[in-house]
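K.L.:
Listed here are the chains, written in short residue letters.
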Amino acid sequence: MPEPILRAAGLTKTYGRTTVVDDVSFVLEAGESLGIVGESGSGKTTVARMIVGLETITAGTVEACGSDRTRPARSARERRRRGRDVQMVFQDPYQSLDPRQTAGAAIAEVLRHHAETRTADVARQVRELADLVGLDERQVGSRPENLSGGQRQRVAIARALAADPQVLILDESVAALDVSIQAQVLNTLADVREQTGVSYLFISHDLAVVRQVTDRVVVMKDGTIVESGATAEILDSPSHPYTQLLRASVPRPGWKPRHRTRREPTREPGASHS
Amino acid sequence: MSALLDVRGLDLSLPSYDGERPILRQVTFSIGAGESLGLVGESGSGKSMTVRSIAGLLPRGARVGGSIVFDGTELAGCSAAVRRASRSRMALVFQDPRAHINPVRSIGDFLTEALRLNRKVPRREAEARALRVLDDVGVSDPARRLRQYPHELSGGLLQRVMIASALLVEPELLLADEPTTALDVTTQADVMAIIDDLRRDLGLALLFITHDLDLAAAVCDRTAVMYAGEVIEVQPAEELHEHPEHPYTQALTAARPSLTGTSPRLPVTPGRPIAAFQVAGGCPFEPRCAFATDRCREERPSLHEHGHGVVACHHAGALDRGPVRA
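Protein sequence lines, in the order shown, are assigned to chains A and B. For the first sequence, the numbering used here gives the first residue as 34, with consecutive numbering after it. For the second sequence, the numbering used here gives the first residue as 11, with consecutive numbering after it.
Please note: incorrect hints may appear among the correct ones.
For the chain B half of the interface with chain A, some residues (derived, Cβ under 8 Å), not all of them [stated by the list, open to error]:
# : residue
1 : Glu52
2 : Gly87
3 : Asp206
4 : His221
5 : Ala261
6 : Thr272
So the derived label-pair ranges between C-beta atoms look like this [said to hold, decoys possible]:
#  : chain 1 : residue 1 : chain 2 : residue 2 : range
7  : B       : Arg126    : A       : Gln277    : 23 to 33 Å
8  : A       : Arg50     : B       : Ser89     : 33 to 43 Å
9  : B       : Gly327    : A       : Arg145    : 48 to 58 Å
10 : A       : Gly287    : B       : Arg108    : 31 to 41 Å
11 : A       : Pro286    : B       : Asp81     : 27 to 37 Å
12 : A       : Arg145    : B       : His318    : 38 to 48 Å
13 : B       : Asp304    : A       : His273    : 36 to 46 Å
14 : B       : His318    : A       : Pro35     : 52 to 62 Å
15 : A       : Pro35     : B       : Arg307    : 51 to 61 Å
To be clear, the hints were calculated from the coordinates, so they are not data collected in a lab. Everything numeric in this text was worked out from a predicted model, so none of it was measured. Heads up, the beta-carbon is just placed ideally off N, CA and C, and yes, glycines get one too.
Please construct the entire structure, taking both the sequences and the accompanying hints into account.
P.N.:
Laid out in structure tokens, this is it:
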């Protein structure tokens, strides 16, 4: 069996006395798509941010493409290598792009930085990446203000792919899109994986979207993994009560919303395990 | 059954830098007393503006045509006094509770202010009524909540406070604009259960705006679908979910991934939704429609009776219900 492309072992994050991620372990095989499902405050985004180095890791280890990335990178070269291995696409395409940069320039910048592409080849590669995510020539020349949410998210995906990563982390990347546009971007994600062989770590609260995009899934609650396995199996016959609750809360015709017996606690930052 | 709310041929245009822009065109639907109607569509389709027209919360310079009759009273172009009188009988709940509550006033102040100032209810009695509605919407320990501030409550809890405040005026119609979109699914189920119970207990009529067809099918009696500022289809909620008639509704239903299975590719509609002002002469969906003909390009379809409801499509009924072109 080949080495997994990404391995998280015992990942833990605490802020002061509050533990937001507690002993989270999973592996992502090369070419696989793994979902992380959970509600707000479950720690799923913090896991992603620790993997790409946007948060320091309190305990545990992360290994990507055969090299350890638990500690912050010591040198620019190391940081750049890590950036080449794992890229991330964020939720809000209105905030994650530079408003002064055209779509093409945003993609070209990453190409020059990471792939050490010769200047002559940059334009060609920008076109190829734009093709891959379904952006036309006019859109490549546009600034974000002239692009719709779906188009912006395509730019963000193309930009992440420009580094030629092994792993693409998608953090609620289709959550803000309208249904018809979301379907287009989900199809694009399927095409990209088929053509490039990139692995996805797909973070979402939307069970139907997760079913469409991922092979396996881990379910998180209050910073810990409560259940994991093949996506179809977990969604068809969830064994953990929390997964069952999640599944039962998805509206459908004939659905009768029902009260939980447990009342909402007052707002507390994350879950405390102290 | 005479309708509690009857919206007929509602037109709305707003001023913009290049002249007046149409936002809504010939919006038509009605809600009976105690009935719930889902208003479904993608961003920019005019759902929120429809609700704002009904509530009289339009921006300056808005021009309204057509008619909005609430329990026999015409609201389109009515006087401020008529508007005030109608407003105490309808209540609004918005998507983001934090944007609609004063962060430096306590929950108790927020809930009792209108009663004390407008209806001259003594403070003690106003607080007693606030406690009662908080209990109705399933907020635990209501006496403590009255002394708390918005930042101390979670989003789901705060949305319940907003629903409680809507109920304090004892409305007959609840206008809910994506009230659960910002909430987690389990909290959404909770809040929907509360709205559902209240509706049955108090006989409230509900206009429920959502982008989620499944949610509308689950909680509404009938669903109206909007596209480019028009209502293009109204049907009993489950019927619309299972047998959509308009090609746009069909495309919308098909594009949503399934919870119970996967397809290698989702059936997608090319292009993206347009706004009302971008519509040329014909059917607003024509440029994206797989069934479009010359007639669709030239003649704008209007809502006509079809099946269990109404639909605005020249080819309704003649369409093969197969998947829309992928």
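K.L.:
Tell me the hint numbers this structure goes against, listed in increasing order.
P.N.:
Structure breaks hints 2, 7, 8, 12 and 13.
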